[in-house]
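A.B. asks: All chains should be built: construct the whole structure from the sequences, respecting the hints.
There are 2 protein chains.
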Amino acid sequence: MSTDKGLVVVALGGNAFLQKGQKGTVEEQWNNVVKAMKQIADIIEKGYRVLLTHGNGPQVGNVLEWMESLKERIPPLTMDFANAMTQGWIGYMIQQALSNELKRRGIGKHVVTIVNQVLVDKNDPAFQNPTKYVGPYYDEETAKKIAAEKGWVMKPDPRGGWRRVVPSPDPIGNIEKDAIRTLLENNFIVVASGGGGIPVVYENGELRGVEAVIDKDLAGERLASLVRADYFVIVTDVEGVYLNFRKPNQRLLRRLTVSEAEKLYEEGHFPPGSMGPKVLAAIRFVRNGGKKAAIGHLYKALDVLEERAGTTIVPD
Amino acid sequence: MSTDKGLVVVALGGNAFLQKGQKGTVEEQWNNVVKAMKQIADIIEKGYRVLLTHGNGPQVGNVLEWMESLKERIPPLTMDFANAMTQGWIGYMIQQALSNELKRRGIGKHVVTIVNQVLVDKNDPAFQNPTKYVGPYYDEETAKKIAAEKGWVMKPDPRGGWRRVVPSPDPIGNIEKDAIRTLLENNFIVVASGGGGIPVVYENGELRGVEAVIDKDLAGERLASLVRADYFVIVTDVEGVYLNFRKPNQRLLRRLTVSEAEKLYEEGHFPPGSMGPKVLAAIRFVRNGGKKAAIGHLYKALDVLEERAGTTIVPD
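First to last, the sequence lines map onto chains A and B. Position one of the first sequence corresponds to residue 1 (the numbering used here), numbered consecutively onward. Position one of the second sequence corresponds to residue 1001 (the numbering used here), numbered consecutively onward.
Because the hints were derived from the structure by calculation, they are not lab data. No residue lacks a Cβ here, since even glycine has one placed at the ideal position from N, Cα and C. Misleading hints may appear alongside valid ones.
Unchecked claim - Covered stretches of chain A (in silico footprint by chain B; criterion: 3 or more residues with CB under 8 angstroms from a CB of chain B, positions within the stretch not fixed): (1) 101-114; (2) 128-141; (3) 170-180; (4) 197-206.
C.D. replies: The following block contains the structure:
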């Protein structure tokens, strides 16, 4: 292994754990994670220190469905708990698969997952305007009954049926950042801020969980900036950031200054629930002093980091 | 806060999270954990460094029931995953509640939970003789169908109905011990080895999860010995170790040498699924060089540690 090339935060998208068309058997999940971790091992082998974060959409969806299905018998847990459970689930897979891959390559580094709370502002306007669909689908009548019963906000999902919507507030801090920093300084590979982190607020000076979902790329940026990472890489199932995505005139953007990226972002080129928050997270990282942010395909992670693939966003 | 009084590993029993007669609502769980963490904060305030571990019986039971209830639609996960999920769930509660309590007392210490794999021997005879009941109750016919389908071992539970039984192998190592040690050395309060740890074996030099449940007190001892803790305290819902427990002539044992404890243990005074493994864990800790092990009531945790309550086991 070569000398230290700097600290990189890698945010893993859903395709690291579940591929399109899969049902999500244990075997499928391990296959996906093992494959994803080869990409991460390539980065580590090249001499970078790595802090990993990850999404949890399908997994937290399963947890919410499980809890709802037995709600008459087992009191369902709130969304902060559901997130915490997926951090254990996914962190375990990453930790084991990446350790095995590093050992195979003779790299004596340890991988460790932190159960991680991410701070949001209790006055974030998102709490007045929940937008994130979560959990099971209901018919309208059941949905309205649940809304009256539990005080949940229920809305028709464009994908069909009615679902619960929860706020998606902006991450402003990371509660366990000192532990994460200590582990990084001591040469560990750390998994943190999983699924955007367990959402918490300060209330009368004390931490309290809230029913919300934090965007995992924005939470990843917050953490990357807090630990003063050199690079922030978001890997997903597309090649990078496109103009006119999926239109005849689509064009992959290979390299942008942060000002160029901001201009395109503000012009509304990137859809909210999808490429939008990724580009915003990349912009924030560079504005907060990061050397480079990159967005690209999971299976080209090292190439994306080293600008041979994907979209790179650099300081002006 | 006074000067360093040494490192103590505290193993929390089920009553720290769920009390008898409760259904386990989120509110009940927080109340229980907040109350338990006051006990832990007392220990920290007195000047001890603390590493926490905990049981997960009812919680992993819920996870297994949830997964079974939707198994036709969502592929159920294996027991290593179920354990990992409860580590996130319970670790989150401990981490938040203990942080808040320490802050209230003006103690500037951070609490952090590690997703933690515990090593067992794949040739452990326990794998040939599963004894630990887990998950939902079935009628005999359904149980036998499931046994044939999945290759699970199903047995009649003395509490009624048929259930799955899984092996309870002996913990021989802790995979993330270096990370735990690093965090302790840097003044963090660490939560690890939850629910006995995620059970893993080495197979061809690689880690692999197994369908098993490790006793949380034995896994706690393994970790306590590996990090060279000074003290190991097991807190539960009884006052300590009794002779003739719940008989007219019951007697609380206040102080035993490790040889005395071994003699009583070998004579069969302590029931297997209950006080037995606690006494065995305490014996092992002292035999492995620990200064003192103690067993007593959760709500007297500091008194148990300082020998004003509970049962103390000391070197000969």
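A.B. asks: For each hint, tell me whether it holds in the structure or not.
C.D. replies: Hint check results:
1. 101-114: holds (count 6)
2. 128-141: violated (count 0)
3. 170-180: Satisfied; 4 residues make the cut.
4. 197-206: holds (count 4)
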